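Given chain P, work out where chain B should sit, using these hints.
These protein sequence lines map, in sequence, to chains P and B.
The numbers in this note's numbering rise by one with no breaks, and the one at position 191 of the first sequence is 523.
The numbers in this note's numbering rise by one with no breaks, and the one at position 249 of the second sequence is 391.
The set of hints was computed from the structure by calculation and includes no laboratory data.
All figures in this text were calculated on a predicted structure; none of them were measured in a lab.
It is possible that part of the hints are untrue.
DEER-style ranges, computed between Cβ atoms [stated by the list, open to error]:
1. P:Thr594 / B:Val154: 54 to 62 Å
2. P:Ser672 / B:Pro281: 28 to 36 Å
3. P:Thr363 / B:Val157: 39 to 47 Å
4. P:Asn605 / B:Ile222: 47 to 55 Å
5. B:Ile318 / P:Leu602: 53 to 61 Å
6. P:Lys466 / B:Phe159: 36 to 44 Å
7. P:Ser362 / B:Phe159: 33 to 41 Å
8. P:Lys596 / B:Leu416: 22 to 30 Å
9. B:Ile259 / P:Glu382: 51 to 59 Å
10. P:Asn605 / B:Ala233: 53 to 61 Å
11. P:Asp539 / B:Val157: 50 to 58 Å
12. P:Gly714 / B:Ile210: 23 to 31 Å
13. B:Leu247 / P:Glu495: 48 to 56 Å
Cβ atoms here follow ideal geometry from the backbone N, Cα and C, with glycine treated the same way.
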Amino acid sequence: MIRRVTGAAAVAALLAGLTACGGSEEAAGSTTLTYWMFQDRTPQAGEVVEKIRTDFEKANPGVTVKIVKIPKDDYNTKLSSAVAANTVPDVGVLDQPLVARYAMDGTIKELPAGTVNEADYFEGALNTNRWNGKLYGLPIDHTAVALFYNKKLVPTPPKTWDELKQMSDAIHKADPKVAGIVVPKGDGYGAWMWPGVVHGAGGEMVDEANKKVLFDQGPAVEALQLWVDLLPSSPREITDSEMAFANGLAGMMISGPWDVATIKDQFPELDFNVAPLPYKTTPAGNIGGENAVVFTKGQNADLAWKWLKHLTSSENNTVYAQALGGFPINKAAAERDAGSFGEQQQGFLEQLKVAHARPAVPEWIQINDEFIAPAIEAALSGKQTSQQALTEAADKTRALLGWNS
Amino acid sequence: MVGWLLITPALVYFVVFLLYPAGAALYYSFTDWNLRSPAEWVGLQNYSDLLFEDVKFPHFWKSVQVTIQYTLIAVPLTLITALGQALLINAIRRGSNLFRLLLFLPVVTAEAAVGAIWRWLYDPQYGLINAIIGLFGIPKQNWLNTPELVIPALAFIAAWQCGISMIIYLAGLKGIPDSIREASIIDGAGPVQRFWKVVVPMLRPTTFYLVVTGVIAALQVFGLVYVIFSGGGGRSVTGGPEQSGLMYVLHLYLFAFRYDAMGAACAMSFLLFLLIMIVTALQFKFIKQEAA
Chain P
333 MIRRVTGAAA VAALLAGLTA CGGSEEAAGS TTLTYWMFQD RTPQAGEVVE
383 KIRTDFEKAN PGVTVKIVKI PKDDYNTKLS SAVAANTVPD VGVLDQPLVA
433 RYAMDGTIKE LPAGTVNEAD YFEGALNTNR WNGKLYGLPI DHTAVALFYN
483 KKLVPTPPKT WDELKQMSDA IHKADPKVAG IVVPKGDGYG AWMWPGVVHG
533 AGGEMVDEAN KKVLFDQGPA VEALQLWVDL LPSSPREITD SEMAFANGLA
583 GMMISGPWDV ATIKDQFPEL DFNVAPLPYK TTPAGNIGGE NAVVFTKGQN
633 ADLAWKWLKH LTSSENNTVY AQALGGFPIN KAAAERDAGS FGEQQQGFLE
683 QLKVAHARPA VPEWIQINDE FIAPAIEAAL SGKQTSQQAL TEAADKTRAL
733 LGWNS
Chain B
143 MVGWLLITPA LVYFVVFLLY PAGAALYYSF TDWNLRSPAE WVGLQNYSDL
193 LFEDVKFPHF WKSVQVTIQY TLIAVPLTLI TALGQALLIN AIRRGSNLFR
243 LLLFLPVVTA EAAVGAIWRW LYDPQYGLIN AIIGLFGIPK QNWLNTPELV
293 IPALAFIAAW QCGISMIIYL AGLKGIPDSI REASIIDGAG PVQRFWKVVV
343 PMLRPTTFYL VVTGVIAALQ VFGLVYVIFS GGGGRSVTGG PEQSGLMYVL
393 HLYLFAFRYD AMGAACAMSF LLFLLIMIVT ALQFKFIKQE AA
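Isolated chain P, as found in the complex:
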């Protein structure tokens, strides 16, 4: 009896979790455009999206836009299944690092030349849509990480790396129970932030056109060394505490706009602001956010691009980006509406002007997680020097991509 029960349990336990489902529906109307996006963050965001949708339908008689909202965590799985099952929407949101992959296998369409005026968009955000030098989508909002600082501990935010190190030292010296800054970790998240620091030393991660890996060069090594040098004044046993910055245990941290709302909500007495990341030679930062693409197997491609122009127009983009929790990618909109963003958000607006897109390499997420993150961790834990760790990671990246230098 036991034999049979355990056997069945073994088989059942093993086979569970190997399935995923997806699908989409059709709606009536003379021309229906299907648009997939992440689920609204707030009811107000839903109203904004609804207004933008009805405006578009009024301007284009006979067109119905059907918006399908999918929880962010399930989105990529659902989209992949839809692509596999040939049930893709006409147009939809796509994570930045996925654009290169989807472009490579022809899942999404190239943006027809002359559709938009590229100068209307922030360069960093637009570049997240580029693969092999061509655009395969449009950014709909963007975001970045910047320097959060506790005003009580940091009277004026540091602008350069030297100022950052001095500030961090001063904070920890004044009170050994308080860390200077929450130094990012060697995980996927830390590895996503790190290129912003590399660019701040005038460096690049890779040179896609010439197939060169560059994150073992001087600027990248200095960028990693900066984090290593910050650790003595920012001990992990302090900064690893949950919400260390919000609890006043750290003077500074690097994070994104999503933390502003959380901190204001849960720690209303914390007096903090946000400034652009300190740099060595050039102000710079990383970029995140959402792009939208037109699917090869979808319908109404022209209308789909028109819809994306509508979402990214100077009239609509600020409210739409705010609804998505990011910032406008339309320069005119960003400039005109800067006042509608709160005090802390100004730091991000400033930061985004110098944002750099991550490398347009289809395997980038894997390189980020499996090579760069462990290298950062190895240097931060003192197991390797910054140079050793990055040389190793860069060599592995070259081997994976088949690049020679």
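Just chain B now, kept in the frame of chain P:
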């Protein structure tokens, strides 16, 4: 005829949701497939790459090592805790229902909540665990951020969630005939002797069942690790400090849904299937199963 009709619902469920996906996964494990383009037949390449290609799968063997270490610690710890709890509940006369409920609660708590709670308990500054060990003069530890401490910390959570094993042990204890207990008392056996000479041998079938199913579950642990290490930034799913918590199935999940390598992920699931089969077969061969 009627017999077939009666098992039809179960059979349909089995074929549609278990047999077909498993067969498809076996097929895809021999292909290069990213869920979007048509799958390309590559024969055994996924398997050989997984086992031998350090560039493509730099952390595969690390994930195997982490998972085995976890299993070796978590399974015994869970069984000992479960048996201890079952003995205590079995011994008390009143309120056993209440304690049974309380000890079972961790099992039915949502994994996301369990992860959040334990992140707080293990907090290096304010955590309850550090406060408790501080009473014994042990210095504060940074549990979830020290590579050497990650697996014991995770195994401890698994032991805390031992409710199902505890219930099964409790049933096993109730199944020991009173006559045997009385006979041993008459023969002059003390409580310790009774435990080792009567209770443990009589519970052998139960223990065997729990070891086998426990090992299978431990080798497939996923949700808790995913939740624990994706807190904070929200995207740091790479398995804790220095991949020290990179469980096999988490690694598999990353390749399936983050790195676009569904074919390789399917191959990983079949390698795990083989490993579990071998381990289970060895257990059936070498562990005593009958009560004595």
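We went through each hint and held it up to the structure:
1. P:Thr594 / B:Val154: 54 to 62 Å: violated, 46 Å
2. P:Ser672 / B:Pro281: 28 to 36 Å: With Cβ atoms ~50 Å apart, the hint is violated.
3. P:Thr363 / B:Val157: 39 to 47 Å: This hint holds: roughly 41 Å between Cβ atoms.
4. P:Asn605 / B:Ile222: 47 to 55 Å: Given about 52 Å between the Cβ atoms, the range holds.
5. B:Ile318 / P:Leu602: 53 to 61 Å: holds, 59 Å
6. P:Lys466 / B:Phe159: 36 to 44 Å: holds, 42 Å
7. P:Ser362 / B:Phe159: 33 to 41 Å: Holds, at about 40 Å.
8. P:Lys596 / B:Leu416: 22 to 30 Å: violated, 52 Å
9. B:Ile259 / P:Glu382: 51 to 59 Å: Once the Cβ atoms are compared, 38 Å apart, the range 51 to 59 Å for P:Glu382 and B:Ile259 is violated.
10. P:Asn605 / B:Ala233: 53 to 61 Å: Because 60 Å falls inside the window, the suggested range holds.
11. P:Asp539 / B:Val157: 50 to 58 Å: holds, 52 Å
12. P:Gly714 / B:Ile210: 23 to 31 Å: holds, 27 Å
13. B:Leu247 / P:Glu495: 48 to 56 Å: For P:Glu495 against B:Leu247, whose Cβ atoms are near 51 Å apart, the range 48 to 56 Å holds.
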